[in-house]
Amino acid sequence: MCYRLLLDQNKAIKHLITGYLVSFFSIFTNSGEITSIKGKKVPLYQGGYNQKILYISGMAMSISKSQNSPAMEIAQAIVEHLSRNSASLFNVKVVPPGWIHIELVDSTLAAWLHCLTVSGNEECSLEQSEQAKSKISVPNRQLTNSLTIFKIQYAHSRCCSLLCTAEKEGLIELDRTNIKSFVSVNPISWLNCDQKLRINHADESFLIYQLVKVVDDLVCADSGSSINWSKAGENLSQAFERFWCNCRIWGEVKIHDPELAQARLGLLIATQLVLRSVLEDKLGIVAPVEL
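Be aware that the sequence shown starts at 70, since it is given in my numbering, and climbs by one per residue.
Simulated from the structure, these hints should not be mistaken for laboratory data. A couple of the hints might just be wrong.
List time: in silico DSBU-like cross-link candidates among lysine-lysine, alpha-carbon distance up to 30 Å [what the hints assert, rightly or not]:
(1) K162 with K121
(2) K265 with K162
(3) K300 with K121
(4) K282 with K265
Here are the simulated distance ranges between beta carbons [what the hints assert, rightly or not]:
(5) Q145 with S95: 12 to 20 Å
(6) E328 with A156: 24 to 32 Å
(7) S230 with R153: 45 to 53 Å
(8) V91 with G117: 21 to 29 Å
(9) G116 with N269: 46 to 54 Å
(10) Q307 with K121: 18 to 26 Å
(11) E149 with G239: 43 to 51 Å
(12) A146 with G239: 47 to 55 Å
(13) P165 with N119: 12 to 20 Å
C-beta atoms are modelled at their ideal positions from N, C-alpha and C, and glycine is treated no differently.
Could you put the whole structure together from the sequences, leaning on the hints where they help?
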């Protein structure tokens with residue numbers, strides 16, 4: 070699937086969408102430069118949680134004056150460009166006075182989750198680009214409340230423990246080549262026969278929302294050192310706790326819907342990977358496999 074190849078090179082969904090926006094600008098202006106945004110980041114941010122992954126761009130309004138064109142007209146041109154060229158990755162629409170709403174479809178989320186959770190995609194690590202790293206002169210080791218750190222470490226170790234239990238019971242086969250990583254040997258069936266995500270419980274959706282948000286912050290060059298990583302890790306660990314309390318893997322789910330159980334285990338793999346990146350790469354703290 071072509072969208073999977075695109076996501077292989079764009080671990081952060083924000084990077085993927087930004088690439089499509091930049092390609093439009095180059096075509097629209099016959100060059101790679103737009104005066105009003107030169108030297109600045111593309112205006113794109115993740116929308117609030119509403120059981121979907123939504124990005125909002127104000128680019129049309131940012132460039133309308135310099136291009137001497139109405140923002141709504143530019144926004145509509147961007148939407149048409151994305152619809153033609155994004156390989157059905159998104160649903161896009163214009164919202165007055167010129168906002169562009171970009172919503173991920175289920176198949177895109179499934180491909181993104183695949184890249185995070187299946188062995189063979191380790192080259193797509195959650196590391197910032199060299200450009201991003203150059204902006205940070207020292208490791209981001211924020212002073213953090215010890216209870217907050219414990220919560221993040223506990224969530225990480227809990228994910229590891231649950232995955233080990235699932236492997237012992239034959240629910241999933243893990244590749245433990247890297248002793249700190251838990252990835253699936255086999256692809257996970259994220260989509261049902263209608264090409265919709267199997268994992269559609271509100272707490273599953275919220276966990277995915279938090280995963281997308283933290284991965285964007287981990288990978289994207291414009292995040293710099295302004296992110297409160299202890300808060301980001303705490304938010305993700307709380308989303309995991311909500312998921313674990315309300316979305317069962319064992320019992321009737323394991324017996325009657327093993328594909329759903331495996332998809333939920335896939336969310337544990339993704340959560341473990343992202344929490345480890347926050348703990349080790351951003352907070353400079355060990356990510357324990359067990360406590």
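For a quick check of understanding: which of the numbered hints are violated here, in increasing order? Per hint list: single violation, 9.
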